[in-house]
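Asks: Protein chains in written order, with our numbering: chain X, 1 to 212; chain B, 1 to 54.
Calculated directly from the structure, the hints in this document are not laboratory data.
All of these numbers come straight from a predicted model, not from anything done at the bench.
A few of these clues could be false.
What the hints assert, rightly or not - Below, in silico cross-link-like pairs of lysine-lysine (BS3-like), each with a Cα-Cα straight-line distance of 25 Å or less:
| id | chain 1 | residue 1 | chain 2 | residue 2 |
| --- | --- | --- | --- | --- |
| 1 | B | Lys11 | X | Lys40 |
| 2 | X | Lys40 | X | Lys63 |
| 3 | X | Lys172 | B | Lys11 |
| 4 | X | Lys92 | X | Lys63 |
What the hints assert, rightly or not - So, partial list: chain X residues that the calculated Cβ filter (under 8 Å) puts toward chain B:
| id | residue |
| --- | --- |
| 5 | Ala34 |
| 6 | Asn37 |
| 7 | Trp180 |
| 8 | Thr181 |
Using N, Cα and C, we set each Cβ at its ideal position, and we do this for glycine too.
The lines below spell out each chain.
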Amino acid sequence: MILVTSADGRWPCDLCQIFVSETGEQRYYLGSLAAANHVKQHNENTDAPISMVLSFCGREMQKIRGQPYEGWEHCFRSANVTHHAWSMDDVKTNHNFRPDVCADMAQQWFTMWIQMCEELMLYETACAHAILPLTVLFHCFGGIHRSSAALCAWLLFRHDLSPMESLCLLLKVRPSLAPWTQRDHVFWVLHEWYCQREALRDLVRLTTCRPE
Amino acid sequence: MLRPWSDAVEKLRDEALWHIRHAATATEHHTPLCRSLAAFPYDFGDISRWPMAL
Numbered sequence: 001m002i003l004v005t006s007a008d009g010r011w012p013c014d015l016c017q018i019f020v021s022e023t024g025e026q027r028y029y030l031g032s033l034a035a036a037n038h039v040k041q042h043n044e045n046t047d048a049p050i051s052m053v054l055s056f057c058g059r060e061m062q063k064i065r066g067q068p069y070e071g072w073e074h075c076f077r078s079a080n081v082t083h084h085a086w087s088m089d090d091v092k093t094n095h096n097f098r099p100d101v102c103a104d105m106a107q108q109w110f111t112m113w114i115q116m117c118e119e120l121m122l123y124e125t126a127c128a129h130a131i132l133p134l135t136v137l138f139h140c141f142g143g144i145h146r147s148s149a150a151l152c153a154w155l156l157f158r159h160d161l162s163p164m165e166s167l168c169l170l171l172k173v174r175p176s177l178a179p180w181t182q183r184d185h186v187f188w189v190l191h192e193w194y195c196q197r198e199a200l201r202d203l204v205r206l207t208t209c210r211p212e
Numbered sequence: 001m002l003r004p005w006s007d008a009v010e011k012l013r014d015e016a017l018w019h020i021r022h023a024a025t026a027t028e029h030h031t032p033l034c035r036s037l038a039a040f041p042y043d044f045g046d047i048s049r050w051p052m053a054l
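Isolated chain X, as found in the complex (with noise of 0.2 Å):
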């Protein structure tokens, strides 16, 4: 594994790269809503464009000024990248405060995860297909937060790696996770996704196992 450490992602002119495979068939990208407004032009002037874009602020896309003139949906499919979105509360959590806010809101997460990495898997499968690398941005509002989760959780679930090793990864290029010290479900989730994780590859592999 190929562990990128630039520090260019400065939030919110971000858009910085987190990990890449050592073969450099997978490659993840972190950043905010501004990065996904950029990503037709990140696109003319890489190597490695970026084919798949996951939204975890669906509903603040819809709301916020200056998003494409042709809408978000136009803009990705003329960038030709491939789209999901979901909308994920983003609110704070105390587990001592509020146990019953903070285990709704890590169940909700914990069922979007799920349906994430069955669009990823889909995805990766059909990558392989047409000999091409799995080039993600994932990306919510601020880009600290839900999507880095998002990423962390990918990590686990697709690369093996352990809660910390997946969040070190990111504090390298992203060192500003502020957010995380306010919500609490998300070490909750973090740690049953990474205690479950065989049994979630093979609900994952059943519900994305097409027939021939």
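We have chain X; now place chain B onto it with these hints.
Replies: Frame of chain X; chain B shown alone:
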């Protein structure tokens, strides 16, 4: 289905928060969020006005 909150979750949280706080305060170079927020020259309500460095 999630299992109940446990000591193992707290251990992970405490370790992760140590790394997060350490990374944020390690060097001046490692505080982009603080610097960005302190500068705040842009309109966060309008994505087209966010600066980008690609």
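Asks: None of the hints should be skipped; say for each whether it holds.
Replies: Hints, verified against the model:
1. A distance of roughly 41 Å separates the Cα atoms of B/Lys11 and X/Lys40; the hinted pair therefore is violated under the 25 Å criterion.
2. At roughly 21 Å between alpha-carbon atoms, X/Lys40 and X/Lys63 fall within 25 Å of each other, so this suggested pair holds.
3. The straight-line distance between the Cα atoms of X/Lys172 and B/Lys11 is roughly 21 Å, inside the 25 Å bound, and the hint therefore holds.
4. Between X/Lys92 and X/Lys63 the CA atoms are separated by roughly 21 Å; this keeps the pair inside 25 Å, and the hint holds.
5. Restraint check, X/Ala34 versus chain B: the minimum CB separation of about 4 Å is within 8 Å; hint holds.
6. Here the hint on X/Asn37 is kept, as its CB sits about 5 Å from the closest CB of chain B, short of 8 Å.
7. The restraint placing X/Trp180 at the interface with chain B holds, with a minimum CB-CB distance near 6 Å, inside the 8 Å limit.
8. Restraint check, X/Thr181 versus chain B: the minimum CB separation of about 6 Å is within 8 Å; hint holds.
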